[in-house]
Structure formats: C-alpha cells, structure tokens
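> One-letter residues, chain by chain:
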Amino acid sequence: MKFSKKRSAALIGMALAPALTLSGCSGFGGGSGSGGGDSGSLTFTTWASKSEETSFTELVKKFESEHKGVTVKLNVVPYQQMFSNIDAQLSSADAPDIFRVDYGNLGVYSSQNQLLDLSTYFDKDEIATFNPAMWQAISYDGKPYGVPHQTDVSALLVNTDLLTQAGISVDSLPKTQNDAWTWDRFSGVAAKLRASLPNDKYPFVYNWQQAGAPRWLSWLFQAGGNLIASDGKTPAIDSAEGAKALDFTKSFFEKNWVPPTSSVKSPTYADSLFSEGTAAMGFLGSFLVPDLASLAKFNWTAIPLPTDKRAATDLGGNALVVTKATKNPKLAATFLKFMVQADSMSTFCAATNELPTRTDLSGDKIAYQVRKDVMPVFVGQAATIQPSDVKQLTSPAMSAINTALQDQLDAAFISGQSTGNTLTNLTSAVKEASR
Amino acid sequence: MTKTSAPALGVATVADRQHTATALTRRARASRRDRSQSWHRNRSNEARKGIAWRTLIAVIVSLIVIFPLYWMCVVAFSPRGEVFEPGLHLWPSTFTFENFRNVLDQYPVVTWFGNSVVIGVFVTVLTVTVNLLAGYAFAQLRFRGRNTVFLLGLATMMIPVQAIMVAQFKLVVGVGIFGTYWGVILPAAAAAFGIFLARQFFIGIPGEIIEAARIDGAGHIRIFLQVVLPLCKPLLAVLTLLTLLGSWNDFAWPLTALKNNDLFTLPIGMLYLKNQTAPDYNSIMALALISVLPMVILFLIFQRYFVQGFTRTGIR
Amino acid sequence: MSIMTVHGPDANASGPRTTRRDVRLTESLVGWGFISPNLILMVIFLFLPILWAIQLSLQETKGFGTPEWVGWSNYVKLVTDPVFWQSMGNTIVFTLVTVPIDLAAGLGLAVLFNSALPARGIFRTIIVLPMVISGVASGMIAMIIFYQSNGLINKILVAMGLSPISWQSQGVPAMISVIVVAIWLRVGFNMIIYLAGLQSISPELYEAARIDGASRWQQFRRLTVLLVGPSTFFLLVMNVIASFQVFDLIFVMTGGGPGNSTSVLVTYAYRNGFQIREQGYGAAIGIVILIITLVFTFIQWKTSRTRDLVE
Numbered sequence: 000m001k002f003s004k005k006r007s008a009a010l011i012g013m014a015l016a017p018a019l020t021l022s023g024c025s026g027f028g029g030g031s032g033s034g035g036g037d038s039g040s041l042t043f044t045t046w047a048s049k050s051e052e053t054s055f056t057e058l059v060k061k062f063e064s065e066h067k068g069v070t071v072k073l074n075v076v077p078y079q080q081m082f083s084n085i086d087a088q089l090s091s092a093d094a095p096d097i098f099r100v101d102y103g104n105l106g107v108y109s110s111q112n113q114l115l116d117l118s119t120y121f122d123k124d125e126i127a128t129f130n131p132a133m134w135q136a137i138s139y140d141g142k143p144y145g146v147p148h149q150t151d152v153s154a155l156l157v158n159t160d161l162l163t164q165a166g167i168s169v170d171s172l173p174k175t176q177n178d179a180w181t182w183d184r185f186s187g188v189a190a191k192l193r194a195s196l197p198n199d200k201y202p203f204v205y206n207w208q209q210a211g212a213p214r215w216l217s218w219l220f221q222a223g224g225n226l227i228a229s230d231g232k233t234p235a236i237d238s239a240e241g242a243k244a245l246d247f248t249k250s251f252f253e254k255n256w257v258p259p260t261s262s263v264k265s266p267t268y269a270d271s272l273f274s275e276g277t278a279a280m281g282f283l284g285s286f287l288v289p290d291l292a293s294l295a296k297f298n299w300t301a302i303p304l305p306t307d308k309r310a311a312t313d314l315g316g317n318a319l320v321v322t323k324a325t326k327n328p329k330l331a332a333t334f335l336k337f338m339v340q341a342d343s344m345s346t347f348c349a350a351t352n353e354l355p356t357r358t359d360l361s362g363d364k365i366a367y368q369v370r371k372d373v374m375p376v377f378v379g380q381a382a383t384i385q386p387s388d389v390k391q392l393t394s395p396a397m398s399a400i401n402t403a404l405q406d407q408l409d410a411a412f413i414s415g416q417s418t419g420n421t422l423t424n425l426t427s428a429v430k431e432a433s434r
Numbered sequence: 000m001t002k003t004s005a006p007a008l009g010v011a012t013v014a015d016r017q018h019t020a021t022a023l024t025r026r027a028r029a030s031r032r033d034r035s036q037s038w039h040r041n042r043s044n045e046a047r048k049g050i051a052w053r054t055l056i057a058v059i060v061s062l063i064v065i066f067p068l069y070w071m072c073v074v075a076f077s078p079r080g081e082v083f084e085p086g087l088h089l090w091p092s093t094f095t096f097e098n099f100r101n102v103l104d105q106y107p108v109v110t111w112f113g114n115s116v117v118i119g120v121f122v123t124v125l126t127v128t129v130n131l132l133a134g135y136a137f138a139q140l141r142f143r144g145r146n147t148v149f150l151l152g153l154a155t156m157m158i159p160v161q162a163i164m165v166a167q168f169k170l171v172v173g174v175g176i177f178g179t180y181w182g183v184i185l186p187a188a189a190a191a192f193g194i195f196l197a198r199q200f201f202i203g204i205p206g207e208i209i210e211a212a213r214i215d216g217a218g219h220i221r222i223f224l225q226v227v228l229p230l231c232k233p234l235l236a237v238l239t240l241l242t243l244l245g246s247w248n249d250f251a252w253p254l255t256a257l258k259n260n261d262l263f264t265l266p267i268g269m270l271y272l273k274n275q276t277a278p279d280y281n282s283i284m285a286l287a288l289i290s291v292l293p294m295v296i297l298f299l300i301f302q303r304y305f306v307q308g309f310t311r312t313g314i315r
Numbered sequence: 000m001s002i003m004t005v006h007g008p009d010a011n012a013s014g015p016r017t018t019r020r021d022v023r024l025t026e027s028l029v030g031w032g033f034i035s036p037n038l039i040l041m042v043i044f045l046f047l048p049i050l051w052a053i054q055l056s057l058q059e060t061k062g063f064g065t066p067e068w069v070g071w072s073n074y075v076k077l078v079t080d081p082v083f084w085q086s087m088g089n090t091i092v093f094t095l096v097t098v099p100i101d102l103a104a105g106l107g108l109a110v111l112f113n114s115a116l117p118a119r120g121i122f123r124t125i126i127v128l129p130m131v132i133s134g135v136a137s138g139m140i141a142m143i144i145f146y147q148s149n150g151l152i153n154k155i156l157v158a159m160g161l162s163p164i165s166w167q168s169q170g171v172p173a174m175i176s177v178i179v180v181a182i183w184l185r186v187g188f189n190m191i192i193y194l195a196g197l198q199s200i201s202p203e204l205y206e207a208a209r210i211d212g213a214s215r216w217q218q219f220r221r222l223t224v225l226l227v228g229p230s231t232f233f234l235l236v237m238n239v240i241a242s243f244q245v246f247d248l249i250f251v252m253t254g255g256g257p258g259n260s261t262s263v264l265v266t267y268a269y270r271n272g273f274q275i276r277e278q279g280y281g282a283a284i285g286i287v288i289l290i291i292t293l294v295f296t297f298i299q300w301k302t303s304r305t306r307d308l309v310e
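Protein chains in written order, with numbering that gives the first Met the number 0: chain A, 0 to 434; chain V, 0 to 315; chain X, 0 to 310.
Some clues are possibly wrong.
On the chain X side, residues computed to face chain A include the following (Cβ under 7 Å) [said to hold, decoys possible]:
#, residue
1, G62
2, F63
3, G64
4, P66
5, Q147
6, S148
7, S165
8, Q167
9, S168
10, P172
11, I175
12, G256
13, P257
14, F273
Restricting the straight-line Cα-Cα distance to at most 30 Å, the calculated cross-link-like pairs of lysine-lysine (DSBU-like) are [what the hints assert, rightly or not]:
#, chain 1, residue 1, chain 2, residue 2
15, X, K76, A, K232
16, X, K76, A, K430
17, X, K301, A, K249
Calculated from the structure, these hints are not laboratory results. Predicted model only: the values in this text are computed from it and were never measured. All C-beta atoms, glycine included, are put in the ideal place defined by N, C-alpha and C.
Same shape as in the complex, but just chain A (with noise of 0.2 Å):
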C-alpha cells in the first residue's frame, strides 16, 4: 500500500481546511431564505450581467447606509436556474424577500398570489410618475404587485463595416423612427448582403433565442396582427396578419439572411453571432451595449427596427417584486421604492444601458457611460410600444405560451412545419394556457 491511514487522513485534513474557510462553512446552514425573521434584513434573489451586478451592489450599499442597522443581502444566481429555484423556494416557504422577474413571468406569480399587493404602498401621484405602460406590466387585476424596475428594447444594431464593403452608405442608414426602414426596404437590404457577404457570414441575426421567443411577437405586431384578442383570453395569432409575419420571418431561413444556428431553440445567442461578426446586422437590447463595446473588433451603430403596418418592438426588462410571505413586508417596500426612485434609477440605466422606467427620466436624461450616441435609437424605439402590446407580454398566460413559441417557431423554421399549423398550434396553445 503506497499511502497510510494518517498520511491519507493529512491529505483530507490538508485538502479540507481551507476549503471550508474559503466557502465559509456556510453550506450547511438551513435555508437563508428569510433572513430568519430578523427585523432588518432582506434577501434579494437576481440574475444580472456584470455591469447590472456591479450597480446593483452599489445601490444597495447606499440603501444599508441610508437605513442603519438593515441588511440586504444580495444573491446573484444564472438566469437559467432562477425561476426553478424561486418555484422551489416558494413552494417551501423559503422563498427571498424581494426577487426580479421579467414581465413575461410576473403575470404567473401574481395570477397564483405568491406576490405581496403593493397598493398601500404607492399613492396616485407615485403612480403618475412611472411610464403607464410599465405600471400595467407590473399590475394584475388592477393591484400593483412589483415596481417596473427597467425595461429595455431591441433596436436594430449594424457592422458599418461590413454594410459598407456591400456598398450600403452608412449615411443612408434610418437616423430615427420617422426614417425607419419598411420591412421591404429591410429585404431589400438583406439580399444586397446576402450577395455580398461570403457563405458564412450572414446578412443578420434576430434575438429569439430561447427565453427570447416571445420577441418574434415584434413582428406579428408590426404586421399589424395580435396574439391575444383585447378580451385577454381568445387567440388571435390565426390571421393573415400572422400567416404574414411568419411566412416573412420563415424565409430568413430559407433565403440564408439569417446564421442556421440561429432558430428559436439554438443554444448559441444572437449577441454572440453578431460580435463575432458572423451577422451583419443584429436585432439586440440596448442591455448588450456594454459587452459589445467592449467585445466588437468592428465599428457599429444602432438603428430603428424595420416597420410594416406600424412600428412596434419587444417588452424586455425587468420588474422587482416582494414574495407574499416576507416577514419585512414594509421594509421591503422601501427597498422597492429606493430602487425606483429617480436617482437610483438613473445611476443603474446609465451603468448598464438600461431604460428607465419614470417618465421623469425619459428623453436624453440619463448620462449613459458607454455609447452614449446609440442610445437615442432605443429610447426612440421605446416609445413604439403599445398598451395593448403590453396586456398581451404580460399576460399570465404567457410563461406557458414562451414555451409553445418556442417549439412551433423552431419546427416552422427548422423543420419545415407550414405556416397553416404552425398558427394552428400556436392557437391551440393560447387557448390551453389562458384556460
């Protein structure tokens, strides 16, 4: 035998040490969820990139130090594994006091009461200062149930680079939604590209990439149609305003405008295709600035999405809400408050090239650190979305209706499903999640 009992004991002794200093010894405590009932502690439950972390970490200090004595403690999880652990924690009564949740998922929890009613906590004229938009994202059943925290939008970002070596002008490109290009004009672009480009490249990129697939309604709503009839509950995808908007998004596929890896349910996200330079052209957040400046070896610039019978864009961000069961329900409400408030909200948009959600700080208002020139576009495209587009993103049914776009867009454009079943399903879907 090459190693004895204490030698090996050592070695476990050796190995252990300092591992259990570096992870704090914390893993084998029960759950954290509530902050164990303490009267001022919080737990906030996010995801966030890098530059969302980092202000998210400064804004809570600054609330820790402008309440004494209160603790809030900061969990960043992947994006991926959120939600499952929200439902888990929830479902044990172990849930933090304060998570983040897109406007899609929102609709779920609050249509299930797992959310805290902030009515009590926000009077008319608090309201009032938030985009109305926004405010009925956050709102089920007339109650408020979270504060629309950001919300970004997806613009159309370009490699000049690239558009000029396929003799497309940089200065021809549309400035502001007045000029936006019409989904004909947008074509017509696409093919100059595709003639251009060499075969791996691709002309561009659309962002409907798994939890993304919702964005493909951008389409469906520039084509003038809807997914859900006004009274909330009837499909309404089955139309020749949808059959139109997926017979145009289909034959990205099939003309080659757009990378084949690029479908509904590919692992690999648009951002990434674009800053390699794989696309031309790519429909991103304006969140994904930060990266891009940093990770793009090409010049670029941002321009308003294509338009067909109106503009219209996708409802991204994100809302903060409290879970039902906090024992801090007050305190929490505060947090929230703090992280609306104007000035907090102007420092994480500018840091993270985000939009605000107050009306006061709508405009050129927020002192964006990076590409500050760019941002004009999405603010503009911002104020493309509809009420109605916002009751039909964030109804309750949607988290299960993201699931069935994801599987017809992705057999309609990988598999060859026609477009007559595809709209068949999808209505079939909307009629079984909205039951």
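Place chains V and X on chain A using the hints.
Chains V and X only, in chain A's frame:
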C-alpha cells in the same frame, strides 16, 4: 500489495489465475520449444514491421484522443476571442494567463473550487463508510431479509437521477436542505454502487480469519475495525477515488439542488459562465482546465486504483 | 465480474449447540445494524422519491401553489406527445449507434495495446484519460470544437476546401457530434475491460491456432472475439445503461436541439420538470424511464444468472 495477500479485487483474482495459467503454459511451451523456434525466427522480420505499423496506429489514435484536451489548453492560454477569429490557429499566438486572471477576478472560482472539495470530501467519507459497513454485512453476516434488501438495492442501482429528480427535489426542499451542501451530499451518498464493490471484496476474505477472531472473543464491531478494515486498503483506495471522481464531476443533481452562487460547484460554475451574455469561451476553457486538473493529477498518481475501480464497477 | 449475482458465503456459525440461536440473533442484529446507515439513506433519498414520483405523475403542478389531481392524463398526454416519442427514438438511436462502436473500438484498442508496443503504458493512459473528465467540461470543449460558424472542425474543413458541416443547425450532424464526444469519453473504459479479458486468455491457444495455420484475422475472429464474450456481455450492459442516461453532454452541447433532434428521455424529463413548469408531466416521463431501467436490469440479472460474467 503482495500477490499472496487477500485475493481481493477481481483484478487481483484475474491476475492470480493468469499466473497459474501462464505457469501451465510455460511447461507446455518448453516441451514444444524446439519445434517452433525456427518458425519464430522466420517471422521476426515481419514482427518488427508489425510493431512499426501498430505503433503508428497507436500514435494516431492517441493524438486524436488527447487532442480535445490539448485544445482546451490552447483556448485557455490564448488571448480572448482568438478561437473564433477567422483563420486557423493551432496554438496560441501569444501565450497568456489573462483568461485565468479574468475568471478568477470576475467569478468566485476559488469558492466554487472549495465547494467542490468540501462536497467531494463529505460525499466520499460518508459514502465509503456506509458502503463498507453494508458491504461487509451482505458478505459476511447472515441475517433474515438479507437477500431481499440486497436485491432491492440492486434493482435501483441503475436508475438515472433524472427519473425521480422532481420528487427527489421536492423531498430535499421538504426536509429543508435545499440549497445547502447537505442537499447535494445526502442523496449522493444514497447510491448503491459502492455496496456491491465492497461486498465482492469482503466475500473474498476467508471466513477462517473472522472465525478465529470470534473465537478469541472479539465482537463484530471489533472484528470489522481491527481485522477486516486493515485488509481492505486496496478496496478503500478504489472506493475513495471513484466516489470522489463521481462527486467532483456530478452535474445534474447539484444543478438542481443548489440555489446560491456561493455554494456552486465547478461544473455549475462552468455553466454559469456559459450562460453569461456574450459568453467568454477563453475564460470557460480556463475554468474547465482548473476543474479538470485535480482529477487528472489524481488519475496519473493512482492510475492503478482507478483502473481497478472502473473494471469492477463500470462507472460511467 | 459478477456484481449481479446473489450468493453470499455460508457463514459457518459452528459454535456449541446451545448458543447457536443466540449467535444467530446477535448476528442478525449486527447485520441490520451494519446495513442500516446505508439503508436509511436509500429509503429516504431513493425509495421514498420513487413513490413520490408516482404520486406526482398523477398530478398537475407548477411547482408552487396547490397541485391538482389529474389521474392518468399525464400518461395519456405522453402517448400522444410527438416530442416524447421523438426523444424515445433519439435515445434508441443514440444507444444503437454508440454501443456497437464503443465495443468494437474498445476491443480493437485492447488488442492493439495488448500486443508488443513501445511505450504501451503511456498510450493506454492517454486512451483512458478522458474518463476522468466531467461531462460538462467535455461538452464545453466539444462546443468550441464543433461550433458551427467558426469552430475548429469547420475551419479545418474549409481550409481543406470542403464545405463546413451544420453541427448546430441540422439534426443529424448535431446527433453525430454528441455521439462522437460520448464515444471519446467512454472508449477507454471499454478498452480496459477488454484488456483484462484478453489477459486472461492463455497465449497457448493462439500458439496452437498459429500452428494450425490460422491467419491473424482468423485468430481474432475465431478466438479473441469468442473468448472475450463475457467481457462483451458486461460491456454491453454498461454501455447501454450509460447511453440511456446521457445527460450532461446533451444539456451542455445542444440543449436537445436543433428542434428536438437531440432531445433524449432524460433531458426531456428535466425540461418538463425544471424548465417549463410541468412537474407532473416531467414525473410521468421519469416513471417511464424508471420502468425501462427496471425491465432492463431484470433481463440483465436473469441472463447473468445463467451466464458467468467477465470473471
């Protein structure tokens, strides 16, 4: 371990048997040597050619097998973004530690590493202990219900974790260990694999040794601790290494059972990096290298035990 | 290697007649005492969840809130769910492709490395090394190698004047990429089992065959393949189980896509249980996996009783 010590692990038994077999063969061969020697000489030239060909094939196969690991190192030491740039680079244009600095600066890699170690050590100590006890009982003690329980364990041995994951998850949540080390450690220690390895080993221990100790008046626990355990060092080595390896590389269950960033293990950490907006593959490979290295080193040192263990249990 | 046989030794409790019963009783108590720590863990974390999974599969639950009893409807849904059947088909295809290749390559390499070779030990170590690499790390490495738009393989293909392969956007190449990595991980294991098997074959037999004028190929087919039969059976079982459970690789490399063309039963169960809030349905898929596994274990156990495994 000497050849004459407890005929323990199957590999040893195989070796022993082979030993006898070769002895017999040698005798037979001696009697025929005269006949076959000239025949051997004629073929020696051809044999040399054969060796050359086989070596060539071996080199090619080995290069193919080792290449992915080489590529991991290349990417880990290349400047950011170089992998996906056009043009073929088969080695880093400049050798850099930037990715390691990045990944260590931006993510709690040291904590993740520590978590992997802590969970690995606890799973291993716990699993090995309970498996040794159970394996010994199944092998050397007679008691009512023994075979029933053993069969039950056997039947569940092959069930993939995903089959009962939802329920296991609800259970872990229900007993309040979701999101703690215990949530990963205890279900991992419930695996039955080691019992069979241990049982097989203990069956090989001659009953006389145990009987002799019993006649001397030793109790079962004392026999186990003082007589049996000292005999099973090779088993201990194999069991320990395999359990540690399994825990270190485990992914699906920790992914489900851990909720906080600061308790993640290295595989979950890798996934976390991959899911960042604009994933940085150079940093991911740097982290992959960090996570793979301890097991590779252990493997190179204790290769013999790993191989014995693999042979016995068919892990993976 | 009969890990699957159940026959303990005869504990020769040959004490004086009068105390025999007492001895048995103590031994029973001690026996149960020895297995109880492991048994308790297994009951709580294995048997209990199995029962719970059966219950869950009859419910509809989002994961929080009150679950709703739905009877057999999750199972009815299974039968009519094309993605479930596709996942089942993919699992079978994956198994049918990986297992024979694993076996053949394992045997080939074992024969190669059992013959006279310089630095044999180093070669063997290299082939076995991937076994200690985690599925996640392997998947990550494979992702950058198979990356479609400018991964290594496609770059090499283009440099050779060939057209790149759609590893990530077409079902068949995606499946192939996962299969290749799975084989890479596993072939070393097959090799060492076969090596052990080969080493127990007496060289005498080959010598006899040579003298009878059998060619190398004939020796291989008539002798080697036949004599490593027990190893082959053992490996067949192990490879089928491993293929049936492939999760980490697919989760990391393809996520089951493109479309559902690399979705297998275990990833589909995970998706339903943990990604799209269909826990009841996920549990039902789990029960199907459980039944298949148990049936397979049973067949294998029956067969191994009549057949001595590797040893």
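> Close enough to count: is the Cβ of Q167 of chain X nearer than 7 Å to one in chain A?
Holds, because the Cβ-Cβ distance from Q167 of chain X to chain A comes to roughly 4 Å (cut-off 7 Å).
> Does the nearest C-beta of chain A fall within a distance shorter than 7 Å of the C-beta of P257 of chain X?
Holds: closest Cβ of chain A sits about 5 Å from P257 of chain X, inside 7 Å.
> Does the alpha-carbon distance linking K76 of chain X and K232 of chain A stay inside the 30 Å limit?
Within the cut-off at roughly 23 Å; holds.
> Interface hint check: S168 of chain X, Cβ to nearest Cβ on chain A, cutoff 7 Å. Holds or violated?
Interface hint status for S168 of chain X: holds (3 Å vs cutoff 7 Å).
> Going by Cβ atoms only, is S148 of chain X closer than 7 Å to chain A?
Check passed: Cβ of S148 of chain X comes within 4 Å of chain A, closer than 7 Å.
> May I ask you to test the interface hint for G62 of chain X with respect to chain A, counting a Cβ-Cβ separation under 7 Å as satisfied?
Since chain A brings a Cβ to about 4 Å from G62 of chain X, closer than 7 Å, the hint holds.
> Regarding the hint that Q147 of chain X lies at the interface with chain A, is the smallest CB-CB distance below 7 Å?
This hint holds: Q147 of chain X lies near chain A, its Cβ roughly 5 Å from the closest one there, short of 7 Å.
> Close enough to count: is the Cβ of G256 of chain X nearer than 7 Å to one in chain A?
Holds, because the Cβ-Cβ distance from G256 of chain X to chain A comes to roughly 4 Å (cut-off 7 Å).
> Given F63 of chain X as an interface hint, is its Cβ closer than 7 Å to any Cβ of chain A?
holds, 4 Å
> Can the hint on I175 of chain X be confirmed by a CB-to-CB distance to chain A that is less than 7 Å?
violated, 16 Å
> Could you grab the alpha-carbon distance between K76 of chain X and K430 of chain A and see if it respects the 30 Å cut-off?
Holds, because 17 Å separates the two Cα atoms, which is no more than 30 Å.
> Given P66 of chain X as an interface hint, is the shortest Cβ-Cβ distance to chain A below 7 Å?
violated, 10 Å
Checked against the numbered hints listed earlier, the structure breaks hints 4, 10, 11 and 17; every other hint is satisfied.
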